[in-house]
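Novice: Knowing the structure of chain W, use the given hints to seat chain Y on it.
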Amino acid sequence: GESVGLHLPTLSVQEGDNSIINCAYSNSASDYFIWYKQESGKGPQFIIDIRSNMDKRQGQRVTVLLNKTVKHLSLQIAATQPGDSAVYFCAETERGSYIPTFGRGTSLIVHP
Amino acid sequence: DTEVTQTPKHLVMGMTNKKSLKCEQHMGHRAMYWYKQKAKKPPELMFVYSYEKLSINESVPSRFSPECPNSSLLNLHLHALQPEDSALYLCASSQEADRGGQPQHFGDGTRLSIL
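First to last, the sequence lines map onto chains W and Y. So for the first sequence, our numbering puts the first residue at 1; every next one is plus one. So for the second sequence, our numbering puts the first residue at 1001; every next one is plus one.
With the rest of the complex left out, here is chain W (with noise of 0.2 Å):
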């Protein structure tokens, strides 16, 4: 079937860094991504989401890129902090579903 991915499993970075993870997908029915942020021991929370009908959307340090053309989603993340320190995972929804895929992960190491 089709699936989500990730280029780079890790992502070493040093405090005060932009961090920039990216995603691939290659399902063209995907209309809605999510990002979630998962830290040892914790469950998934959510960041940040965007719908098709959109390119970009910001939040609070953080943006979502998507760019529909080569089905590639990232998440900046500005001025990167200790705390940013987790596995970040991206999630499509296929039109007319509320059923997740979820990419493999990318670990984000950050250095103070």
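Quick caveat, the hints were computed from the structure, so don't treat them as lab data. A quick note: this is a predicted structure, and the numbers were derived from the prediction, not measured. Using N, Cα and C, we set each Cβ at its ideal position, and we do this for glycine too. Among these hints, one or two may not hold up.
Straight-line C-alpha distance at most 20 Å; calculated EDC-like pairs for lysine to aspartate or glutamate [as the list claims (entries may be wrong)]: (1) Y:Lys1040 to W:Asp84; (2) Y:Lys1009 to W:Asp55; (3) Y:Lys1041 to W:Glu39; (4) Y:Lys1053 to Y:Glu1096; (5) Y:Lys1009 to Y:Glu1067.
A partial selection of chain W residues facing chain Y, derived with a Cβ cut-off under 10 Å [stated by the list, open to error]: (6) Phe33; (7) Gln45; (8) Arg51.
Specialist: Just chain Y now, with coordinates in the frame of chain W:
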């Protein structure tokens, strides 16, 4: 603190034991989910309840038995599990089950170890 509460946080059981995992949410969500997650892997969907009815079973072995007693509670009954069933079991909920893509709210999971 998460709005989805799971108990117990940790569970160790033998292969012949029977135990249950519990999940509770009071957000009025009408869709509830069980996921299994192995270390450093994404969550894998097991079951979905929509308006208290089982709507999706992702070919899960019968040694896992879900139950939804009411709209706020979700249980997962375990019996005769195998060592490969050791994992983090996550419960999640979302607002509606028929309105397309929406955020899921996850609990912090039950860490299950099978001896």
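Novice: So, for every hint listed, does it hold in this structure?
Specialist: Status of the hints after comparison with the structure:
The straight-line distance between the Cα atoms of Lys1040 of chain Y and Asp84 of chain W is roughly 17 Å, inside the 20 Å bound, and the hint therefore holds. Of the supplied pair hints, the one linking Lys1009 of chain Y and Asp55 of chain W is violated, its CA atoms being roughly 39 Å apart against a limit of 20 Å. A threshold of 20 Å between alpha carbons decides the hint, and for Lys1041 of chain Y with Glu39 of chain W the separation of about 13 Å falls inside it, so the pair holds. Distance restraint check for Lys1053 of chain Y and Glu1096 of chain Y: the Cα-Cα separation of roughly 13 Å lies within the 20 Å cut-off, and the hinted pair is therefore satisfied.
Distance check on the hinted pair: Lys1009 of chain Y and Glu1067 of chain Y sit about 19 Å apart at the alpha-carbon level, within 20 Å; holds. A cut of 10 Å between beta carbons decides the hint on Phe33 of chain W: the least distance to chain Y is about 8 Å, and the hint holds. Contact between Gln45 of chain W and chain Y, as hinted, is supported at the beta carbon level, the nearest pair being about 7 Å apart and thus within 10 Å. With its C-beta approaching chain Y no nearer than about 7 Å, Arg51 of chain W sits inside the 10 Å limit, and its interface hint holds.
Going through the hint list in order, the structure does not satisfy hint 2, though it satisfies all others.
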